[in-house]
Amino acid sequence: MADIVATNFNLFYGDFQALKDINMTLKERQLTAFIGPSGCGKSTFLRSINRMNDLIENVKITGSLIMGDLNIIETNKLSVLRKRVGMVFQKPNPFSMSIYNNVAYGPRTHGIRQRAVLDELVEKSLRSAALWDELKDNLHKSALSLSGGQQQRLCIARSLAVEPDVLLLDEPTSALDPVSTAKIEELLEEIKTEHTIVMVTHNMQQAARISDRVAFFLSGELIEMGDTYQIFSQPQKEKTSDYITGRFG
Amino acid sequence: MIPIRKKLWIGFLYLLVILAVLLVIGVLGLIFFDIISKGIQGVNRVFIVNTIPILWNTLQLIFFTFLFSVPIALMAVLYLVEYAKAEWFVKLVRFASGILAGVPSIIYGLVGMGLFVRMFGLGLSLYAGALTVGLLILPMLIRAFEDAIRAVPSTYKSAALSLGASQLRALFTVVLPSARTSLLSAIMLALGRVVGETAALILTLGTANALIRSIWDSGRTLSLNMFVLAKESISLTEAYASAMVLLLMVFLINMIANLLTGDGRHG
Numbered sequence: 001m002a003d004i005v006a007t008n009f010n011l012f013y014g015d016f017q018a019l020k021d022i023n024m025t026l027k028e029r030q031l032t033a034f035i036g037p038s039g040c041g042k043s044t045f046l047r048s049i050n051r052m053n054d055l056i057e058n059v060k061i062t063g064s065l066i067m068g069d070l071n072i073i074e075t076n077k078l079s080v081l082r083k084r085v086g087m088v089f090q091k092p093n094p095f096s097m098s099i100y101n102n103v104a105y106g107p108r109t110h111g112i113r114q115r116a117v118l119d120e121l122v123e124k125s126l127r128s129a130a131l132w133d134e135l136k137d138n139l140h141k142s143a144l145s146l147s148g149g150q151q152q153r154l155c156i157a158r159s160l161a162v163e164p165d166v167l168l169l170d171e172p173t174s175a176l177d178p179v180s181t182a183k184i185e186e187l188l189e190e191i192k193t194e195h196t197i198v199m200v201t202h203n204m205q206q207a208a209r210i211s212d213r214v215a216f217f218l219s220g221e222l223i224e225m226g227d228t229y230q231i232f233s234q235p236q237k238e239k240t241s242d243y244i245t246g247r248f249g
Numbered sequence: 001m002i003p004i005r006k007k008l009w010i011g012f013l014y015l016l017v018i019l020a021v022l023l024v025i026g027v028l029g030l031i032f033f034d035i036i037s038k039g040i041q042g043v044n045r046v047f048i049v050n051t052i053p054i055l056w057n058t059l060q061l062i063f064f065t066f067l068f069s070v071p072i073a074l075m076a077v078l079y080l081v082e083y084a085k086a087e088w089f090v091k092l093v094r095f096a097s098g099i100l101a102g103v104p105s106i107i108y109g110l111v112g113m114g115l116f117v118r119m120f121g122l123g124l125s126l127y128a129g130a131l132t133v134g135l136l137i138l139p140m141l142i143r144a145f146e147d148a149i150r151a152v153p154s155t156y157k158s159a160a161l162s163l164g165a166s167q168l169r170a171l172f173t174v175v176l177p178s179a180r181t182s183l184l185s186a187i188m189l190a191l192g193r194v195v196g197e198t199a200a201l202i203l204t205l206g207t208a209n210a211l212i213r214s215i216w217d218s219g220r221t222l223s224l225n226m227f228v229l230a231k232e233s234i235s236l237t238e239a240y241a242s243a244m245v246l247l248l249m250v251f252l253i254n255m256i257a258n259l260l261t262g263d264g265r266h267g
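Top line first, the protein sequences correspond to chains A and B.
Letter 118 of the first sequence, counting from 1, is numbered 118 in the UniProt record's numbering, and no numbers are missing.
Letter 102 of the second sequence, counting from 1, is numbered 102 in the UniProt record's numbering, and no numbers are missing.
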């Protein structure tokens, strides 16, 4: 595991500059929250970390983004990058297959075929997502029959099954009810000791509750970044304190 | 209160709508009744013995037609949706596909005759017939397959990619499986077309009164049998009986297609 370091990172969608000169370090084994108003670039930056922006046409990137010995921008081995850097999306998106096959999808993609190994991985991942006890007798049910909160936890389990170093989450609880949200926050707090977690959130109370560090984005720029406690109690920049106190955004 | 004039007008429109529905049901019912009542009379031992090889010929045609056209349609659509970069190319293919879908089947028959039967030297055969009908349903399959694949939420593919799958792997293990019911019902509808196809097959499959034993043989399908019987006025009753079997087959296929689209939204 290693820190993720962005240096002079810029991103353009065609002529539009979505990210301007981002310099930041995402420390390993910590939960960093990205906050900021809609359209400020936080999701765009998040997606750059696992090269999901490659799916969009006319994207141009300059600068560097490095994780230990892995050059994220330049690497050709996307499969390897995405094994080390997992992602959970805003709306739960389990595959229309059984619960077992959803979780086993990642490992199978990376060549693990033996039933015993897969069984173990599936159990371990579902336990991490606090789903094992609920679902262990129904692993062959369709994943689509689960509730929204369960589906999202399943997606987290699915991402954890490939044993990534980093987990990226793009507003993972914004589509969920408060109880499911609480369960997922609890989950994240437990796994952050083993993984580097980066989470985009619109919910500042959530950021204050579970993150170690916070990065505040505005109009494509990184305005301020620091320890959670410091950002929320003594923000250095005026724009940060304006956002946090709800004066805009 | 609604004025009397308006009430009358609404009532009149309502009546028109009901009449239209009755007309549609009436015509459908009439066709069914005509064919089944006359067809039933022709069903005897001889008919059944004659029809079995014809049914087998029909099944073989279906099999080879889909063997040729489904993989091609699928690959074409995957390319169009996932890999094609040039917007103009995609539009061109879609445009051509739309036009080809409207070309009368006799023209496909003529093309098939010139190209497969004569130029490729396949002769009047199941080979030529299946290739021709395969071409015929290709535009239909391409359009339906494209709709089916585009209907799969892009988040499915994103999720697969984010787990480390390659583009191709994501398509085959996640996107296609989740589109399976739409793809299947598209195939079922094309099947209905194939089963009823006559014009394109007269010139390519031929109308030999024989059981098809290999891809080089000629032989009649249900619809071709009906055509020959009716044209040569051998036995109108038998033609009707064949028509009844054909009708029931198409009916069955459409029912299955409906069942699939109706229930198939969940996993």
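Careful: at least some of the hints might be erroneous.
[To be verified] Per label pair, the in silico range of CB-to-CB distance:
id, chain 1, residue 1, chain 2, residue 2, range
1, A, Gly39, B, Leu23, 26 to 36 Å
2, A, Ala175, B, Ala96, 35 to 45 Å
3, A, Asn76, B, Asp147, 29 to 39 Å
4, B, Ala96, A, Lys60, 47 to 57 Å
5, A, Leu55, B, Leu30, 27 to 37 Å
6, A, Asp137, B, Pro71, 37 to 47 Å
7, A, Lys91, B, Gln167, 15 to 25 Å
Keep in mind the hints are simulated off the structure, nothing from the lab.
Bear in mind the structure is a predicted one, so any value in this text is a computation, not a measurement.
Glycine is no exception: its CB is placed at the ideal position from the N, C-alpha and C atoms.
message: Tell me the hint numbers this structure goes against, listed in increasing order.
response: Per hint list: 1, 4 and 5 violated.
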